[in-house]
Amino acid sequence: MSPASDFRNEMDLCHFEPQSLEETLKLLHDMKDDAVLVAGGSDLMPRIKQGHISSRNIIFLARVLELQQIIMGATGEVLIGPMVTHRVLEGSSLVQEKCPILGEAASVIACRSIRNAGTVGGNICNASPAADLAPPLMVLDASVLISNPNGEKTVPLTGFFKDPGKTVLEPGEMVTAIVVPPVPPGWGDCYMKLGKRKAMEISIVSVGVGLVLDESGVCSAARVALGAVGPVPFRAIESEQLLAGKKLEAEGQAIMDAAEAAAEAAEPIDDIRASAAYRRDMVAILTRRSIVKAIQRVRGRS
Amino acid sequence: MKAEIEITVNGQKHTVAVEPHWSLAEVIRHKLGLTGTKVGCGEGDCGACTVIMDGKAVHSCIIPAFNANGKEIKTVEGLADNGFQSLQTAFLKAGAVQCGYCTPGMLMAVAALLEQNSNPTEGEIREAIAGNLCRCTGYTKIIDAVKIFNKNPNLKAEELHQLQKGLQGDPVQSCLGVNVVRKDGAAKVTGRAVYAPDISFPEMLYGALLRSPHPHARILKIDTTKARSLPGVSSVVTFEDVPPVKFGVMLEDQSLFAAEKVRYIGDPVAAVAAESRKTAEAALQLIEVDYELLEPVFDPLLAMNDNAPIIHEELENYQMASFVASWEGKNLSGNVCSHTKVERGDVDAALGAADFVFTDRFKTPAVHQGYLEPRATTASVDVDGRITIWTTNQKPFTVRALVAETLGMTVNKVKVVPTSIGGAFGGKLEPGLEPYCALLAFKTNKTVNMLMSREEEFETGNARHASVIEITTGVNKDGTITARKAKVIFDTGAYSGNGPVVAGLATLLVPGPYRIDNLKIEGHAVYTNKQNFGSCRGPALPQSVFAVESHMDMIAAKLNLDPLEFRLKNIVEDGDISASGQLLNNVGLKDCLLKAAESVDWNKKQAGVGKGIACFWWMSGGWPASAVLEINSDGTVQLITGAIDIGTGAKNTSVPQIVAEVLGVPVEHVEILSGDTDTCTYDHGDSGSRMTYSVGTVAKLAALDAKEHLIKQAAEKLGIEPAMLVLANGEATITGDPQGKTFSFRELVNIARSLGPIVGRATFNAPHPPFDPATVEGHPYPSFPAPSFGAQAAIVEVDEETGLVDVQKIAAAQDVGRAINPLGVEGQLEGGMVTGMGYALVEEMLIKDGKVLNPSFRDYRMPTAADLPELKSIIVEYPADTGPFGAKGVGEPPCGPTAAAIANAIYDSIGIRLQELPLNTEKILNELRNARK
Ligand SMILES: Cc1cc2nc3c(=O)[nH]c(=O)nc-3n(C[C@H](O)[C@H](O)[C@H](O)COP(=O)(O)OP(=O)(O)OC[C@H]3O[C@@H](n4cnc5c(N)ncnc54)[C@H](O)[C@@H]3O)c2cc1C
Ligand code: FES
Ligand code: FES
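Residue numbers (my numbering), protein chains in the order written: chain A, 1 to 302; chain B, 1 to 933.
Rather than coming from a laboratory, the hints here were simulated on the basis of the structure.
Under the rule of at most 27 Å between Cα atoms (straight-line distance), these lysine-lysine pairs were calculated in the DSS-like manner:
| hint | chain 1 | residue 1 | chain 2 | residue 2 |
| --- | --- | --- | --- | --- |
| 1 | B | Lys261 | B | Lys221 |
| 2 | A | Lys49 | B | Lys226 |
| 3 | B | Lys2 | A | Lys49 |
| 4 | A | Lys196 | B | Lys923 |
Quantities reported herein were computed from a predicted structural model and do not represent experimental measurements.
Please put together the full structure from these sequences, using the hints given.
Quick look at the structure:
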């Protein structure tokens, strides 16, 4: 009873396993932009199996070691390779030190085994409105380094997503790094996601908050980013403006107003995971809680 | 295009040619033949496929094969060589293995954790296995196993032998009440147990079903020409290829293929066998079916209206299944395919006279059994025209009969080989792929394999019935219930299936385990254009208990009574009768209620925290069983029975324990043959909490029969009267013998065997306890053999802003009559509580216009290890008169009262009463908002 296989079916796919970024870019060039990049495969595998892919040429990035690093840049920014897995992000001491909110967000993705496979690049390039790394990266004002066979450019993450499943990446372009600038002094942040289970949950709503408080508790700058409540993750600018310049207290009006403004900014839809109304309400709750937590963290740190 | 990758698996290098779309799981299973790694979903959602890749646990079904190139992989088959043999042993010792389908993945997730962290906290263990679903165990014993391993990482496999005698390790006086390691355990922790999706043969074909895309339509024409001419296609079959046989559990309303009408999205229309699954699926696309769309009906209440579209025009002409004797199937018309009534006393008069009358209405959704192993079947035809079917089904003998009937064969030409079953919970009671697979094997004269995708499992399985239950209860000022009237409606989907039984059972459950003199309970199963709903762990029980026990608390609240006191005042006790007039005895209910309450500190109020309690009664399953038992020359024992084990372990622990106890031999001397329908005699199947009760009884009877032969033959040989030979504690003595001669069991066997083999045989069909026929009408199951009782209590905290319910603790106290294998009982209670918690809070098959919107483990959320509350199992023992050594059925009811206990706890916590499951966040918030208005 030896297990035979069901693999007499061919899908006519071509595979490539470049060993370096240079080789990858050359492949993209040679293929005239007709290729699909595979990172961890956690989003892509089921799609490839069902034939839901745009090209027959599959480039596996797993062997490109340069894309797997987390390093300090020249001006204090953290450069995260797109092939860094969620689990590595969680455990990175550099991330813990410079941008712990990313570790916080990575640690609530799916489960450990999925986090061992899923990558930062895959998470943002997949462009799910619920991608857990998107709001915290926006809170950190991160940008994306994009390369194509002819050069590279930097796009802020806020301008990276176009639609569910769609980014500004053109055929032949790829993400080669995520650039996280240093946070200012007096900074605190927090990421919260709402799901019905405590693991293996695609966010129903997610909120990232980052803010700067001065000695007297006045907020000099704030960022609020929302996930799963619009076609793409986005910053709730009105909410941020309502925080800036205000003295923030846990039950204070400024925080309530900012939370309400975030809910106003949300454009949720009804789907099988939650109703639009519930999502909107939860944006306010999570925003308020995240602000309070971020304030605690500023205080905890100073 | 294929290309080679190099992977090291369990220390061995392999070069494998792979396609870009292959996953690591496929390479491991199909190319390397290491089927210990399981696939439950293929989408990353269940963790059954977990392996270790370069030291890290990964879900191998979503890892592209190319991403594993150059990597070092460890699978369950290599676990023992990697120093984790004692972890495997710890899993068995802790009782962490039930169906075993999650086990290999679970072991690998834990091993990966332990490689990095040799002394993990409970939180770290939970986190490490949070992506590994287990529907059987409720995770607690898996976490226990890791703790046992941590305390004793040198637990050697040799100890397994010791463990098989009984986990205490002390010399065993009795084989009962002892924790015995399951006989199929070693195969399950090493990945050697073979499940249905693991079966494959060289050169086999792949079958696939064309299913209706419409919920209700007339078939005008089916054209298979194009599909037949697709290269690689061996056979295309439709209704024209089978005899026009109708079948059904109670009512014969189903046929293999739709001929005139399709009645749900997923109704089989045609089947294809081809040289690959892809080709088979491509062929399905080429089958042209012209449909005339008919108006569908999805809501059972609307389906009961006079002007509703009729789903079965032929209803009144349908036959009853041949074995159905007690069910008259009365009043069938329109879309109502069963009507059962239980009536006693004068309910209207009693309601009129009651001090208070309360009416409440409850709704429950369809939920899936959530077994991890998808259905799979392989069929092969012999030269002599016999067919062999390997399959994962709870009733191999029913499969055999149905295949024979629908394909026009005699029963003895069909051989069904049950594989290890990766969970079922009632979902694999009805024959599924088997007749189609057999038909395709006949048509092609080749071995044919069929496998359901997870999506297909959700869309076309036999999930738990949705229900609408309205209850009216009359109560006196002092809290005595005087009357109850109820109407229960079960949405049975496109076919009746088990619906009539389930609706019937509800009429006995909705009265609750309460003393009520005036009753009128009506149950209906109603057709709708949805999948055929079926049995699920305690069919009708969680639905009924949610309604009854919520209703009880609502009454208690209005009368200002303590919910526990109110129950204690009304529960049945020894000497009371059930709704249908069955005399009850050995009722452990009061004890269960008190113990469950105690374990949540019932009388201690805590701010913000809510406590709830709920109780139930249920049956020990009967139905026919048979067994043959031989005592071998060395005194060891062979039990042969067609009974199987869907995971509970009853057949692999309790049944051999019972045999060992009867014969006075050690448990490890008893082997049970896991056979097929050729080699074993008939058994009804693994269902209805009947394994320990019915199979245990038949095994006991067969052992007694063998014992009688043993003594008779030995006495004859010794030239004494049989009555003079006394066999006790594994030793025989001749009474009245001046020399006080004794023989060991083995010596006695040898003496007896000199006159011929020693074989016992028995059949058993638990009689239905007497009931009052005047009280029931159209009842398929009017009384409960050896009823069991139980109660659960829950502690919850509700986040009033998000509506999230945090279940902190669930305690289950269940009267199991006699716990033959206490560890196994605990495993059933824990698994049931977690399944019940899922039912309470999140699980729901979202069905819109007949289409399942969440057919995946990602969107159909079963609780994970991260969601696990503290669980407390309390075993209560009021031995049954009829069960083997007093045992009652155990397996189904533990998921029954959980939702009600949680609903009641939510009310206690925030004053919100939800009458529709699941008790989800949005409903809670809406109610809170309404309450504030
Ligand atoms: C069971 C399960 C649970 C999940 N739970 C969560 C969750 O809780 N939260 C969450 O956010 N996500 C979740 N996901 C989604 C997914 O795991 C993550 O989004 C993950 O980060 C994707 O990374 P990947 O490396 O696996 O991506 P892949 O599947 O390899 O790729 C995803 C997409 O990104 C593109 N891509 C990858 N790298 C690049 C690059 N460098 N340049 C350009 N394009 C690129 C690919 O072409 C593809 O379109 C879950 C997935 C599964 C299977
Ligand atoms: S089979 Fe891989 S996660 Fe379910
Ligand atoms: S033992 Fe875990 S799923 Fe059955």
